[in-house]
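With chain A's structure known, arrange chains B and C on it following the hints.
Spelled out from the first residue to the last, the chains are:
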Amino acid sequence: MAGTSSVNEKAEGGMKAKRTVLTVLATGWFAILSAIIVFPLLAGLIASFRPGTELIRKGLSIDLDFSTMTLANYKYLFGGNADSQKYMMWYKNSLILTAVSVVLTLFICYIVAYGLTMYNYKLKNFLFFIVIATMMVPFEILILPLYKEMISLNLIDTMAGVVLPGVCGASTIFFFRQYMTGLPKELLDAGRIDGATEYGICFKIMMPITKPAFAAMSILCAMGAWNNVLWPMLVFRSAEKFTLPIGLNTLLTPYGNNYDVLIAGSMFGIIPVFIVFLCFQRYFIDGMTAGAVKG
Amino acid sequence: MSKFKKFFYSQKAAPYVFVLPFILSFLFFWIYPLCSTITMSFQDITPTGTEWVGLKNFSKLLKDTVFHTAILNSFEYMILTLVLLIPFPMLFAVLMDSRLVKAKGFWKACLYVPALTSVVISGTLFRLMFSEYSTGQMNVITAALGLGTFKWLKMKATGLTALLVVCCWRWTGVNMLYFISGLKAIDTSLYESAEIDGASAWQKFRYVTIPLLKPTTIYVLTISVYAGLSMFMESYMLWAGPDSPNNIGLTIVGYLYKRGITKNQLGYGSAVGIVLLVIALAINIVQLILNGTFKKEED
Amino acid sequence: MKKKVLATLLSVAMVSTVLAGCGGSSDSASADSSAETTEADDAAAAEDAGDAAAEEGTEEGTDEAAAEEEIPTSTFGDPNGTHLEMWTFVELHGQHYGNMVEMWNEQNPDRTIEITCTTYPYADMHTKLLTSLTAGTGAPDICDVEIGQFPNVVAGESTWLVPMNEYAAPYLDTMVQARMDVYAGADGNYYGIPYHVGATVMYYNAAAMAEAMGISQEDVIAKIDAVVTWDDYAALGQEYLDAVATDGKYWTSVDTAGCDWQWIAMAEYGEDWTGGFGGTANVQLDSVKKMLTMEQEWVNSGLAEVSPDGHVDLEAGFQNILDHNIVSFPKAMWYMSRFTNYMPEESGNWYIAKCPVFEAGQKCSVGIGGTGTVVTQQSANQELAAEFLAWAKMSEEGEQLIWDNLGFDVCNTVLWNDDAFAHDDSNQYNQFFINYPYDVLYSIKDDIGTVYTTAISPTINEQMCNVTLNDILENGMDVDEALQAAQDVVDLEQ
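Chains as they are written, first to last, in my numbering: chain A, 1 to 295; chain B, 296 to 594; chain C, 595 to 1088.
Bound conformation, chain A alone (with noise of 0.2 Å):
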């Protein structure tokens, strides 16, 4: 709390001195905090250009013996044999489901949550609390009754069947809900004064400045995508339709995992989302939602 310390009555040089060890120990504190966790994926990131023999013999160390190290693993991951061309296919297949369900997600809850904060009408609390109430049921009591109905329904193995289950994710419509409470309804009427429709004040007035929850919630929702595997496990049946965590799963087995490819992979396999991440954190969250608010 010392960064926002008050400035009030100090001298304009002391203070500018005090602001300077202010950032530098709230800068250095986040330095630190990032080392700490980014340590593990960097052993691992160490660890997957050693041989899996080595991975074995020496644990996962992070002293950089350049002898033992070479590129080896990435060689064979992007070699054009067929590990390597079912590693792209997962890969491949991850990224078209993750980019699917983000949208589809982010659209539907959005609208949920508007409807459930910008109007009063009698059922509206029954079914916040619905909404509530289906974020506290666990989804693995739910799989089998699920399952059978994916295939009554002839969504199995099919896109569809992994993301409309969870498109209208409970916990994300909360998110919005709770965003949008804080937000002025002034704007509502407002818009209606100037003749515009329920939808249109939806879609071009509350929506752009819902900015901020969309951003925090997008990554969200690409990281729920991405990392997901028990669901998407039971709905495809295909190999070719296999995401990313499901085929790196499928190299630990009782007999005998696969350490060269699985952390070559998995290391590899981190890379796009957090692009995705820069990209999305930095046009969101920095860039527009001040103004955004503000306006």
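Please note: incorrect hints may appear among the correct ones.
Said to hold, decoys possible - Dumping the calculated SDA-like pairs for lysine to any residue here, alpha-carbon to alpha-carbon at most 25 Å:
#1 B:Lys499 <-> B:Leu356
#2 A:Lys148 <-> C:Thr753
#3 A:Lys16 <-> B:Gly536
#4 A:Lys18 <-> B:Leu386
#5 B:Lys298 <-> A:Met159
#6 B:Lys499 <-> A:Leu183
#7 B:Lys451 <-> B:Lys509
#8 B:Lys300 <-> A:Gly191
#9 A:Lys148 <-> C:Ser973
#10 B:Lys307 <-> A:Leu187
#11 A:Lys18 <-> B:Phe500
#12 B:Lys509 <-> B:Trp497
#13 C:Lys957 <-> C:Gly870
#14 A:Lys124 <-> B:Lys307
#15 B:Lys446 <-> C:Gly870
#16 B:Lys301 <-> A:Tyr119
#17 A:Lys122 <-> B:Ala452
#18 C:Lys883 <-> C:Ala1079
Hints in this document: simulated from the structure, not taken from any laboratory.
Here is chains B and C on its own, set in the frame of chain A:
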């Protein structure tokens, strides 16, 4: 037609149009499976047939000491995650939101990567780091500090520590992001006027930031309660499966998974699920009522 | 807002193209072009490639064609033949069927088969299989089932699975009967076909022992061969430890997350804690108590340590072996592939011998682990699938490939002393170990006991590995007390 159109565009109909997708999804993907699950919790389902057994599954749960361990573990874990994963990310978010931090994007990205990492890989990495073998990273650290080595994943206290480390590792960045997003919605003029009134940094935090972050905090609290109670993947990752020594890593959902999915005891597994549902629902409703979320907002 | 969504989508798409490009650039031109086509086209192209490869294989009549041809799909055999779906959780298993289907098609040109093998993650495959069997739809024709999961699947008996008795009959006289029995249902029918015996043997690091004890490797082997009882074994261990005299070195490690030691003890006394099919489970057996008491003494006296990570078949276990912290341990024959995969530098150091016994004349081995392959009732071609499966896993051709490619101790006992089969020096396992693994196996041919895997097995196993073994070996709890607690939990389930 125009009558319908008029109705469709009216202020009365609009909210229902907005929530329609949810109602559909709710009926198809929740009500039906949930009813099946409730039905199953009163049944004994074997491959050869289904039998109604009344409350037998539930009365068995009362005697099942393993299940009691699971509940206890989940509660301990949930409470500790609430303590660790709400105040700290909130402080980090405020700090991050201040003008003092340079290269914000980079730090945010670093803090967020764990959440982007596939469970398969982070599980393997942490399992190796918490290895009881002397090359495990944690043992290297504790040995360097003169504390000796630990059998991390075999003892209750160290096992719980490992779980919390994984949990904080994965979720600190995410929760921080929620709070940052909430902070963006706070009108900066409020801070300006507080400053004019001569408020200190702490006063601004206490009387402006915390109250205005309340919707976000409630959200984080609600999902943390549920996420804490239903934690499973983290433990599954660390112990490379649903089993752990003396069940130190067993959680309610872990038990549900073991019974309902691994052992295919659908009836008994469903009963475990129903208990979890009731507990989580009860806690959250109490908490939401206390926070006044259900009050009609008329501002 | 929409623009932003579009921009996002675009960036995702760009990333994917870039990546696909990366993968393709080092590959042929065809891969490049496919990276730009749609998903559906891609899948179709992959299928075509698979078919083409499979056809080539048939025409040339070579087994290697399918394995060497680098194709992302795993469909093998004659595209005009009957189509079979197969699920497994080990990719190599799938390839085994791929190889076998080529041979089958040659021998049975009028009943050709095309088989698609899909490798799923271990836990997910079993979940998916159970879910599909319960739902009554969606299961494959043929499926691998790990022995620990087998009771859950075989619970469905003939409503879920096809009895294999008739199809296995031609091969039964040379098979290890016990391995057929473990994959039987409560109704006595055989439902699963085994890959291997999983006979437990004792692995010794003869090179490390020779070095520590300052004697030749031959002398060490002579000492190992002289071990008959567990007392002899412990005495040899003490001799080794006295010679090595270093902290952190142990003779062996005892498991807290695996019941192998208890299984050996039960087999030696001819007991079984599951009580067999229809029996009553009882974990308070004399054999189990004896073994646990002995293990506990070893841990206390410093002869043995508790296995890091709970058993030797995990990362820390491999490290422990590589660091020569332990120089002997009992494990099933399939552990050989762990040596070649994860510990290649140990080549030439290890000697395989039979396990010690409590009293001379007892059986000295037990079949541990394994995967039974089943045919489901949902299959539209049950007869063909069952006949093919039995042939692929039990015929001499099949057994040869199982040994060469998968490194398992096959169930066909006739092959065990077949010189061409057992003493083939081009085989990697024969090269790795000091002695021929099959010589050991042949010498214990009549001494391999059985512990059944029944409906109660997962419960016993779970309780032992999670609680009981930890309490006894890590926390020093009294053996009788810990077993009583285990029995209470087991009783709740039966």
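Evaluation of the provided hints:
For the proposed pair lysine 499 of chain B and leucine 356 of chain B, the alpha carbon gap of about 50 Å is over 25 Å, so the pair is violated. At most 25 Å may separate the alpha-carbon atoms for a hinted pair to count; lysine 148 of chain A and threonine 753 of chain C meet this at roughly 18 Å. Taking the CA atoms of lysine 16 of chain A and glycine 536 of chain B, the gap is near 55 Å; set against the 25 Å cutoff, the hint is violated. For a cut-off of 25 Å, the pair hint linking lysine 18 of chain A to leucine 386 of chain B stands: about 20 Å separates their Cα positions.
Our distance criterion of 25 Å between C-alpha atoms is broken by lysine 298 of chain B and methionine 159 of chain A, whose separation comes to about 38 Å. Between lysine 499 of chain B and leucine 183 of chain A, the direct Cα distance comes to roughly 21 Å. Compliance with the 25 Å bound is thereby established for this hinted pair. Distance hint between lysine 451 of chain B and lysine 509 of chain B is unfulfilled; the C-alpha atoms sit about 35 Å from each other, more than 25 Å. Between lysine 300 of chain B and glycine 191 of chain A, the direct Cα distance comes to roughly 19 Å. Compliance with the 25 Å bound is thereby established for this hinted pair.
This hinted pair checks out: lysine 148 of chain A and serine 973 of chain C have alpha carbons roughly 18 Å apart, not beyond 25 Å. Taking the CA atoms of lysine 307 of chain B and leucine 187 of chain A, the gap is about 18 Å. The hint holds against a cut of 25 Å. With a CA separation close to 20 Å, the supplied pair lysine 18 of chain A and phenylalanine 500 of chain B stays within the 25 Å bound. With a C-alpha separation of about 17 Å, the suggested pairing of lysine 509 of chain B with tryptophan 497 of chain B holds against the 25 Å cut-off.
Between lysine 957 of chain C and glycine 870 of chain C the CA atoms are separated by roughly 18 Å; this keeps the pair inside 25 Å, and the hint holds. For a cut-off of 25 Å, the pair hint linking lysine 124 of chain A to lysine 307 of chain B stands: about 12 Å separates their Cα positions. Simply put, lysine 446 of chain B and glycine 870 of chain C have alpha-carbon atoms about 36 Å apart, too far for the 25 Å limit, and the pair is violated. Distance check on the hinted pair: lysine 301 of chain B and tyrosine 119 of chain A sit about 18 Å apart at the alpha-carbon level, within 25 Å; holds.
Restraint check: the Cα-Cα separation between lysine 122 of chain A and alanine 452 of chain B comes to about 50 Å, which exceeds 25 Å; the hinted pair is violated. With a C-alpha separation of about 14 Å, the suggested pairing of lysine 883 of chain C with alanine 1079 of chain C holds against the 25 Å cut-off.
The structure is inconsistent with the numbered hints 1, 3, 5, 7, 15 and 17, although it conforms to all the rest.
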